[in-house]
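Asks: Chain by chain, the residues:
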Amino acid sequence: MRAKDILVKTWFKPNEGILLAETPEKKRLSLQILENMAPTELMLVALGGCAAIDLFKALSLRGADIQSIEIELIGRPVKEGESSYIKEILISYLITAENVGRREVEEVIHQSLEKYCSIAVTLNRSVNIRPRLMLLKKLSEK
Amino acid sequence: MILKGWYSQNGWKTKLTFINQHNEHVKLRMKLFEGENGRLLAIVNLQLKPKEMRFYNLERVNHVKDKAGLILIECEKPLICTALMIDQQDEMRVLDYRLLPVEDERGCC
Numbered sequence: 001m002r003a004k005d006i007l008v009k010t011w012f013k014p015n016e017g018i019l020l021a022e023t024p025e026k027k028r029l030s031l032q033i034l035e036n037m038a039p040t041e042l043m044l045v046a047l048g049g050c051a052a053i054d055l056f057k058a059l060s061l062r063g064a065d066i067q068s069i070e071i072e073l074i075g076r077p078v079k080e081g082e083s084s085y086i087k088e089i090l091i092s093y094l095i096t097a098e099n100v101g102r103r104e105v106e107e108v109i110h111q112s113l114e115k116y117c118s119i120a121v122t123l124n125r126s127v128n129i130r131p132r133l134m135l136l137k138k139l140s141e142k
Numbered sequence: 001m002i003l004k005g006w007y008s009q010n011g012w013k014t015k016l017t018f019i020n021q022h023n024e025h026v027k028l029r030m031k032l033f034e035g036e037n038g039r040l041l042a043i044v045n046l047q048l049k050p051k052e053m054r055f056y057n058l059e060r061v062n063h064v065k066d067k068a069g070l071i072l073i074e075c076e077k078p079l080i081c082t083a084l085m086i087d088q089q090d091e092m093r094v095l096d097y098r099l100l101p102v103e104d105e106r107g108c109c
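Protein sequences, first through last, are from chains A and B. 1 is the number of the first residue of the first sequence in the numbering used here; add one for each residue after it. 1 is the number of the first residue of the second sequence in the numbering used here; add one for each residue after it.
Just so you know, the hints here were simulated from the structure itself, not pulled from any lab data. Don't take every hint at face value.
[As the list claims (entries may be wrong)] If the Cβ cut is set under 8 Å, some of the chain A residues that face chain B in the computed set are:
1) Asp-54
2) Lys-57
3) Ala-58
4) Leu-61
5) Tyr-85
6) Ser-118
[To be verified] Straight-line Cα separation of at most 30 Å, DSBU-like style, residue types lysine-lysine; simulated pairs:
7) Lys-138(A) / Lys-27(B)
8) Lys-137(A) / Lys-13(B)
9) Lys-79(A) / Lys-57(A)
10) Lys-13(B) / Lys-51(B)
11) Lys-4(B) / Lys-138(A)
12) Lys-115(A) / Lys-27(B)
13) Lys-4(B) / Lys-49(B)
14) Lys-138(A) / Lys-51(B)
These figures come from a predicted structure and were not determined experimentally. All C-beta atoms, glycine included, are put in the ideal place defined by N, C-alpha and C.
With the hints as extra help, turn the sequences into a complete structure.
Replies: In structure tokens, the structure reads:
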């Protein structure tokens, strides 16, 4: 089944060194080139953001009490002729939560990256996404 | 799939029935909480055989003795699960209900 298209517009203003993005609902993003994040970093932010939101939803449904989810992403670029692209992404999780065990969190992370996190599912077709490390801190151990 | 319901071993006895309609084994993880938003008291992992109907009495779980609260059941495939709650003072007073699936909308958008 085909889902609804996602539409965004981007503008680059070379004189001001600004990159703008806007959705039809007028949600905007403005980036100062060289000062803010680069597009490749934004791709990792998109993956980390989507993975965190999805993990939060899935663990909350399972009764976990989540205080924070920290995700660190490392993109591993390779050069092939003239082009450079990201071949592998290492994704590390640090979760502070109660009412959930390590094994369950690991299961949910794998499900999320393979099936539910839209950005991971999209990137998986060309990039190898590897969950690298998972630390689970109990709320009482803060 | 996640099913949600309530149990009580505090003045009541709760018996669960699981029905696996599939022709393969189905694993499930049952979590029992203290109250609606309380701590996790017990996790029970079960594996149902193909087409198996299994009864599970919560008296078997020591951690929920004299407690009442939320049950969440996570299963790989859709299952039927019902709960029968019996009043210990008057065994003619019973509550029989089916655990309902909670919405499992995943993804970031």
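Asks: Does Lys-137(A) pair with Lys-13(B) here, judged by a C-alpha cut-off of 30 Å?
Replies: 35 Å, violated
Asks: Does the alpha-carbon distance linking Lys-4(B) and Lys-138(A) stay inside the 30 Å limit?
Replies: 24 Å, holds
Asks: Hey, Lys-115(A) versus Lys-27(B), does the alpha-carbon distance stay inside 30 Å?
Replies: Given pair Lys-115(A), Lys-27(B) holds - Cα atoms ~19 Å apart, limit 30 Å.
Asks: Quick check on Leu-61(A) please, does its C-beta sit within 8 Å of some C-beta on chain B?
Replies: 5 Å, holds
Asks: Compare the distance between the alpha carbons of Lys-79(A) and Lys-57(A) with 30 Å, and conclude whether the hinted pair is satisfied.
Replies: 37 Å, violated
Asks: Any CB of chain B closer than 8 Å to the CB of Ala-58(A)?
Replies: 6 Å, holds
Asks: Are Tyr-85(A) and chain B close enough, Cβ to Cβ, to be under 8 Å, as the hint says?
Replies: 23 Å, violated
Asks: Need the status of pair Lys-138(A), Lys-51(B): alpha-carbon distance at most 30 Å?
Replies: With Cα atoms ~38 Å apart, Lys-138(A) and Lys-51(B) exceed 30 Å; violated.
Asks: Do the numbers back the hint for Asp-54(A), that is, is its least Cβ distance to chain B under 8 Å?
Replies: 5 Å, holds
Asks: Hey, Lys-13(B) versus Lys-51(B), does the alpha-carbon distance stay inside 30 Å?
Replies: At roughly 26 Å apart (the allowed maximum being 30 Å), Lys-51(B) and Lys-13(B) satisfy the hint.
Asks: Is the shortest C-beta separation between Ser-118(A) and chain B less than 8 Å?
Replies: For Ser-118(A), the interface hint holds, since the closest Cβ of chain B sits about 5 Å away, which is under 8 Å.
Asks: Holds or violated: are the alpha carbons of Lys-4(B) and Lys-49(B) at most 30 Å from each other?
Replies: 22 Å, holds
Against the hints set out earlier in the document, violations occur for numbers 5, 8, 9 and 14.
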